[in-house]
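Asks: Sequence:
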Amino acid sequence: MRRFPLGGLVVAFLVILVGTLRPVRAAEPADDTELKFVLVVTRHGVRSPLPAQRTTLARYAAQPLPEWEVPPGHLTPHGKRQMTLMGEYYRARFVAEGLLSGDVARDTDRVYFRSDSDERTLATARGLGAALLPGVEIAVQARPNDGLDPLFLPVRVPLGKPDRQQAVASVLGRVGGDLNRAVQANQAAFATLQRILVGESGEVPAGRQPVLPATTTVTPGNADRLLSVGGPLYVGSAMTDVLMLEYGNGNPLERVGWGRATPERITQLMTLHSLYFELSQASSYPAQVQSSNLASHILASLEQAASGRADARAFGGPGHKVVIVVGHDTNIANLGGLLGLNWWLPGTQRNPLLPGGALVFELRERRADRQPVVRVSYVSQTLDQMRELTPLTLAQPPAIARIYVPAASGAGEHFDAPLPRFAARVRAAIDPQFVTADPN
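For the sequence shown, the working numbering begins at 1 and goes up steadily by one.
Take the hints with a grain of salt, since some may be wrong.
Restraint-style ranges between C-beta atoms, simulated for each label pair [claimed, not checked]: (1) T390 to P220: 50 to 60 Å; (2) R81 to P220: 35 to 45 Å; (3) Q166 to R421: 23 to 33 Å; (4) G317 to N180: 47 to 57 Å.
To be clear, the hints were calculated from the coordinates, so they are not data collected in a lab. Where a beta carbon is used, it is the ideal one built from N, C-alpha and C, also for glycine.
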C-alpha cells in the first residue's frame with residue numbers, strides 16, 4: 001500500500017475544503033412581473049451627414065468628406081437594414097413575453113407608430129415595422145413635412161412661451177458660468193479630434209480652422225431654436241456624430257475619419273458628443289421646454305394601458321400593446337434631462353445617443369399583488385453590431401442599460417417604479433404650457 005505523508009494529506013484536505021467554500025454566484029432572480037405594454041422612443045437609424053455637419057467639416061477638415069449614397073440627412077440602406085434587425089429583436093422579445101402573439105393578422109392592431117416627418121424617421125419606422133409586422137404595409141402617424149410638429153420640435157411651432165435667457169442660464173449654471181471649463185477638461189479628446197481632422201501631426205493647413213483654442217459660447221436661439229451652443233463643444237459633437245455614422249454604416253475603415261478614426265478613438269470622442277447634448281439639451285430648462293409634451297403623452301399612454309380606458313392624450317388606443325415613437329437624439333436627451341435619467345453601454349461614454357438607440361418604457365404588472373410598475377431602459381446595438389449588421393436574438397441581444405428613475409424607482413435589480421410614483425415624477429417635471437392635448 002502506498003503511504004502519503006501527513007503534511008500532504010493536510011494540504012489536500014485544505015484544498016478540497018477551500019474549494020467547497022468558494023462562493024458560488026447566485027442565479028439571477030426570476031422576474032416577478034408580467035409585461036403589459038411597451039412604448040419605445042427611438043432615434044432614427046444610420047443616416048448620411050446633415051448639411052450643417054458638412055459645412056462644419058469643410059471649415060475644419062483637411063480633406064473633403066467622402067460621398068454618401070443618399071442625400072444629406074437621409075437614412076442609408078445600411079441604416080434601414082439596421083433598424084429592421086432592431087425590429088426583429090423587439091418582435092422576438094415581445095412575442096416571448098406574450099405581448100404579441102406572433103400572428104401578424106392578430107398583431108397588426110396591437111402596434112402603433114408615431115414618427116417625425118423627416119425621411120430618416122419615416123424610413124426608420126417602416127424598417128422597424130417590416131420586422132415587427134412582416135408583410136404588412138404599416139400605417140405611420142406623422143404630421144405634414146413642415147417642421148412644425150410640437151411633439152419633436154415644440155420651440156419651432158411655437159408651443160408655450162419659452163424664456164431663452166432662462167435656457168442660457170440653465171446651461172451656464174452647470175459649468176460655473178463658463179462653458180470653456182468643460183472644453184479644458186476634455187483637452188485630450190479635442191487633440192484626438194484634431195489629429196483625425198487634419199492628420200497625425202495636428203498641423204492645420206492653410207484655409208482651415210483649428211478646433212481649439214476657439215471660445216465656446218451659449219446664446220439665446222432664434223425663432224426656431226431655444227438656444228445655440230457654438231465653438232469647440234458644437235464642433236466636437238457634430239464631428240463625432242459623423243464618425244459614428246461612418247463607422248456604423250459599415251464604411252471601409254479607410255473611409256472612417258480618412259482612416260484615422262479607430263474604434264478606440266471614436267469611443268474616446270463620444271464623450272464630446274454626450275457632453276454637448278447633456279449641456280444643450282438635457283439641462284433642466286431646455287429639457288422641460290422641449291420634452292414636457294412628449295413626456296406627458298408617454299405618461300398618458302402608460303396610464304391608458306394600465307386602466308384600459310381610452311385617453312385622447314395617449315398614443316393609440318387601449319388595444320395597442322406596442323407604441324413606437326421615432327424621433328431624434330435631441331428628443332432622447334431632452335427626456336433624459338427632464339426625468340434625471342442616465343445610462344451607459346459597453347464601448348461608449350456616459351449617456352450615448354446612438355443611431356437606432358431607444359428609451360424603452362415598459363408597463364409591467366407585479367404577479368404578487370397585480371400592481372402596475374414602470375421599467376425604463378436604454379436599448380441600442382453596439383457600434384460593432386450596427387456596423388456588422390449582426391442578427392439580434394434573445395440569446396444575442398443588443399446592449400441594454402437598466403435605468404433608475406429618481407424619486408420613482410425602487411431598489412430592485414430592474415429599478416421598477418410603481419406607476420403612481422412614476423406618474424407623480426413626470427407631472428412634477430413637466431410644464432403644462434408646453435403640452436398639447438393631442439399627441440398626433
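Asks: Now tell me, hint by hint, if it's right for this structure.
Replies: We went through each hint and held it up to the structure:
no. : hint                     : verdict
1   : T390 to P220: 50 to 60 Å : violated, 44 Å
2   : R81 to P220: 35 to 45 Å  : holds, 41 Å
3   : Q166 to R421: 23 to 33 Å : holds, 28 Å
4   : G317 to N180: 47 to 57 Å : holds, 50 Å
When each numbered hint is compared with the structure, a violation occurs for hint 1 only.
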